[in-house]
Structures are given as structure tokens and as C-alpha cells.
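Chemist: This is what each chain is made of:
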Amino acid sequence: MRTIDAVRRSGIGIRPEQTIREAAEIMEETGLGSLAVLDDSKLIGIVTDRDLVRRALARAMPLDGRVDAVMSSPVVTIHADTDLHEAFAMFRTHDFRRLAVVRDDQFVGMLTVDDLLVDLASDLVDLSRPISTEIHHAHHDSTYPDMP
Amino acid sequence: MRASVGDHIVIKSRRVGQADRDCEVLEVHGADGQPPYLVRWGDSGHETLLFPGSDATVRRSEHAER
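Quick note, the sequences are listed as chains U and Y, same order.
Per the numbering used here, residue 1 is the first one in the first sequence, and the count goes up by one each step.
Per the numbering used here, residue 1 is the first one in the second sequence, and the count goes up by one each step.
Hints were generated in silico from the structure; no laboratory data involved.
Chain Y is faced by these chain U residues, among others (derived, beta-carbon under 7 Å):
#, residue
1, Val7
2, Arg8
3, Arg9
4, Gly11
5, Ile12
6, Ile14
7, Glu25
8, Ile26
9, Glu29
10, Val108
Every value quoted in this text rests on a predicted model; they were computed, and no experiment measured them.
Every residue, glycine too, gets a C-beta built ideally from N, C-alpha and C.
Take these sequences, add in the hints, and give me the full structure.
Modeler: Printed below as a string of C-alpha cells:
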């Protein structure tokens, strides 16, 4: 499975000169917890809701400050066509929950641990259904007839 | 996905009780109507680039450029 096929949610890109307040409002409006920061379509950073809390609110930064002052950079990326197992390996060895997906050096989406967990949970439900059915509605073979 | 200027893109909510999101396509940056799109979000008027995922669908505008 390719990494891009596991990207569930739409990605949003904002400009580095947009404000911290705008970033927060866009997160609220779109329901996303992370935004790609793009300078002329080049990915230069990621800003997350956590960045806004820890680097802006906690440090009393003005909300009309530039968002690139609080973004995380450089960004760890993965190519859209890379096997998804490699993305799992990157999450296993790095301390982040989001991975920017790129193609031809252009941002195309955001892979999140949350999305992968939802997919895995769904797969587990499917896989466990035959077993749970067997447990809750046990099928008993007919008994052997009594031997004379 | 393919969209045109004037189309709306609806992002399906993943949370119970949360409304779907809607934005209008202002510019198409990909070839042949493909993403990314410069969009304007309905409530705030914020403009962002949108890279649609499987949660996004296009609602065609009758007046969209073809």
C-alpha cells in the first residue's frame, strides 16, 4: 500500500507571513490540528495546535505575529509512493505524530498517527468478527449417536 | 479530483455533531483541474491552499468555468 493511499484527511497549506491567529482560526474552521507552511508551494514547515499552545500562547507571543515564528522546521517528509510500512517505521523511530507527504518536492497531504489508528481499529473489528461470532453464537456439531 | 473556479469543496466531518466544512475554489493550481486549489472558507473568509483527501467532494457550480 502506498503512503498516499493512507492519507484520509484533506491537507491545508498556509503562507509563512500569515498570522498565528489566522492559523488558529483556520484549524478551528477546518477541524485540522496541523497546517503545512508553504513558501511559493515549497514546504518550509508544519504548524500544529501543539505549536500554537507551547510556542505562542505559553510564551505570550502576539497573535498577529507570523506563523513561521512558531512552526516546526525542518520537516520530515515521505514520498507519496513510498510503501506505508516505511511510514510506520518512521513513526516508530521519531517523536512525531504527523508526516508530510510529498511528490516531486511538492506537499500533497499529511499522514497522521490518528488516521492510521482509526484504520487499524477498523481492520481489527473486521478481523475479529468471525471469532466474536463463534464465541457469542457457538455452533455445536451434532453429537455422535450412542454406540450400541 | 477535478474542480473548477467557483466550485465548492465539502470536507466531511469526522466527528459526531460537527458540521461538514465548505470552501469555494478561487484558483486551480494543478493541471486539468487537479489540486491544489486556492480556496476561501465560508465562515471566516480565510484563504488557504487545499490538498483534498478522501474526505473531500466537489459540489459543482452552475457558473463555474469549464
